[in-house]
Each structure stands twice: as structure tokens, then as C-alpha cells.
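As a plain string of letters, each chain reads:
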Amino acid sequence: MLSRILLLALILTPLACRSTEPNDSPCTCGQAAADIEGCSHAKCLAGQNNPENPDCVCGTLSLKKH
Amino acid sequence: MRSIHILALSLFLAAPLAAQETIKLKGGQSVTGRATAYDAQKKVLSFRTADGKDVQYTDDQLDLRSLYQVYSSVIPEDNGKGQLQLANVARDAGLYKYAVRRYGMAEKADPTLKAQIDQELIVLRRLAADFCLQNARAAKAKGNRAEVEKWCAIMTDKLPDEPQTAEARTMLDQTYAAARNAKDDELESKHADLLQTDLKQAKLRYDRMIERSKEGLTAKSTSQSMQLWDSALDDGKFVLKEIDRIAKKYKDDAKVQDGAVKYRKLTTEQMVEVNLHLASLYSTRSSYNDAMKAANAALALDPSNAAAQAQRARIEQASSEGVAWRWR
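Going down the list, the protein sequences come from chains A and B. Heads up, the first sequence is in numbering that gives the first Met the number 0, so the first residue is 0 and it goes up one at a time. Heads up, the second sequence is in numbering that gives the first Met the number 0, so the first residue is 0 and it goes up one at a time.
What the hints contain is simulated information worked out from the structure, not anything from laboratory work. Just to be clear, a hint being listed does not mean it is correct.
[Stated by the list, open to error] Using C-beta positions, here's what the derived DEER-type ranges look like: (1) A:54 / B:226: 36 to 44 Å; (2) B:210 / A:46: 36 to 44 Å; (3) B:111 / A:31: 33 to 41 Å; (4) A:31 / B:39: 30 to 38 Å; (5) B:110 / A:54: 30 to 38 Å; (6) A:54 / B:39: 19 to 27 Å; (7) B:240 / A:54: 39 to 47 Å; (8) A:54 / B:247: 24 to 32 Å.
The structure displayed is predicted, hence computed values, not measured ones. Here a beta-carbon is modelled for each residue, glycine too, at the ideal position from N, C-alpha and C.
Use the sequences and the hints to build the structure in full.
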């Protein structure tokens, strides 16, 4: 049974994991310079929110457009 | 029944589950969880907290930056008036770059809004100039010359016609050349003989490059800035050639070789900086091809330069969106 649980967990993990992709530019959202220059983190540039930075204002929340 | 248990346990093990979202309330409190709905009529956000509680927040309870995120989540990009409203929220939240982008989207979605957008941009430029000047003054008070320069340069690149930028130009005038001259003081004393002979011409052009870089930043018109920076880059290219020539001539002289490395680094840094000013200026005018050329020129000089990489990425984004990120 344990092996089936682990197997299923292994299959589901990539679906759940949304860690930030490796990127040279750090997420600078929340810093004064980003307010005026913008943030060049890969997620921000792709129009996504970076959940690792609570100050990130890029992308959208999980809400439907009206 | 057993399989349901297995599935539930598996889902638990597959944590971290869907990414958490963070919103901020007025007063600074952060709430983590997941936004579930937004009622545009009542202006109420429904949110499930990380510990499973369902809560609701009105627009008035949200920090302006979080409100911007809520609005950007629900307003479609082809809704011109909605984008205009969103741009105003971004601007009032101090998210100036984001506001500029949203004004661009509003204009793209509904060109008839242009006159209104122009009026809103006047307010944006004033607020942004205040914000930059405040940062420049704070950096000056702390004696942080690099930060003073950064904020003043942002103002001259993006907000050249704002009254506050006159003060930024004065600050730059006082600090720019002094900061750069300090960088090569040690080299000057170490290689005084070479600078009087083989490198005499290169030194003159190096000093002129610094002077023109500064004049470009403090110039009152963008066309003048561009001319001065182009000319500064010509000087830089000449200096690099001269350094190569001297390095070849004295290839067995360790002291000259060391000096050549250091002077090349100083010159390259300055040329990268000038190229980034040009890129910024072109971006501000939505001339993305020219901006990209300048950013690429900076990267050709220093491929690992983080500022140049970030600049290029931002230009690519602006260009691919087909939205004019115009500050004026």
C-alpha cells in the first residue's frame, strides 16, 4: 500500500509544485526601483505572479475575468 | 473506501499544493491563501486563508497594491475603460511602471481614450518625479553616491521635463564626474609616465567620455542627450583601441598589462552605462528596436552585466506586448 501511495504522490507532485524556475534576475517587486523600472524576474516578465515574493504585484490572482 | 484514503493521503504528500497567494490589508497585515471570487458590484473579494477560513474583504480594506492585483485579475485587457481605471489604481499605489503599461493597454484597447490618458499621465509624471527625488535626497543624506546617481539618472531618462528633474540634474552635476575621477585616481598616479606619452590621447578621450556622459544626463533635451551619449561611446571605442595598442606594444611589461586590464574595465563599465541610458531613453519613447540595439551593445561589452540583461528582458516584454509604454 505504501508503494502505491508514494507512486501516486510522485505522479501528482509535478502538478502541484510551482516553484520558481531558475533565473538570473531576482524578483525585485516591493523595492522602490521596481516601482519605476519594473521587475525583470522571469515570472513577472511572463505575466505571472511570483508566489515566493509576497510583495510581487505581477500577474493575477486566481480569479476569473469579468 | 481504501482507495479514497490512498488518494487523500497522496494529495497530502504531494504538497506543496497549488501555490499560495498573498494579499495585504491596509495597515500592512498580510493574508496568505487563495482568492476565490470578486464581486464587482459590491466590491468584495472572497478569500480562503491558508488555514481554510473563508473571509471577505472590501476594496477599502485592501492595500492599494493588492487592490491593483485584484483588479488586474478581473479586468480584461480589451476593456479600455477598465484598464484606464486599473492604471489609475497602479499609479496611486506608487506602481508607476505598471501604471504606464496599463495606460498603454487602455489606449490600445480604446484609442478614443488617448486625451484622457494624456491627462492622467501628467499626474503620473508629477507623482513619479516626487517619488524619485525623495529617494535621491534620502540617498544623498546617507552619502550613498551610487543611489543618488541611480535615482537622478532615472529622472533624466524618464522624466526629463518635470520641474523636479532640475534638482536631479544639479545633484548629478555635483557628483558624477567626481565619482568617476575618484575611480581612476590610483591608476593615474601609477601610470603617470604612460599617460604623459603613449596614453596621452586616450586619457583625453576618456575624460571627454566621462564629461559627455554627464552632459547627456544633465542635458535639457533628449535629442541632445542622445548626441552626447553617441559621442561618448565613440570616445570609449577610441580609448579601447588605444589600450589594445599599448598592451600589444608593451606585451612583456607586467605593470602596463595590469594597467591595461584596469583601464579597459573602467572604460567598458562606462560604455555599458551609457548604452543603458540610451536603451532607457529609447524605451521611454517606445523605440524598442533602438532600445534593443543599445541593450545588446551593452551586453556585447559585458555579457554578464545583470542590469543590461534585465534591461533587455524588459524591452523584449514591452515590445512583444505591442503596447506603448510611454511616459510622455
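Results of checking the hints against the structure:
no., hint, in the structure
1, A:54 / B:226: 36 to 44 Å, "holds, 40 Å"
2, B:210 / A:46: 36 to 44 Å, "holds, 42 Å"
3, B:111 / A:31: 33 to 41 Å, "holds, 35 Å"
4, A:31 / B:39: 30 to 38 Å, "holds, 31 Å"
5, B:110 / A:54: 30 to 38 Å, "holds, 34 Å"
6, A:54 / B:39: 19 to 27 Å, "holds, 25 Å"
7, B:240 / A:54: 39 to 47 Å, "holds, 46 Å"
8, A:54 / B:247: 24 to 32 Å, "violated, 51 Å"
Hint violations for this structure: number 8 only, all remaining hints satisfied.
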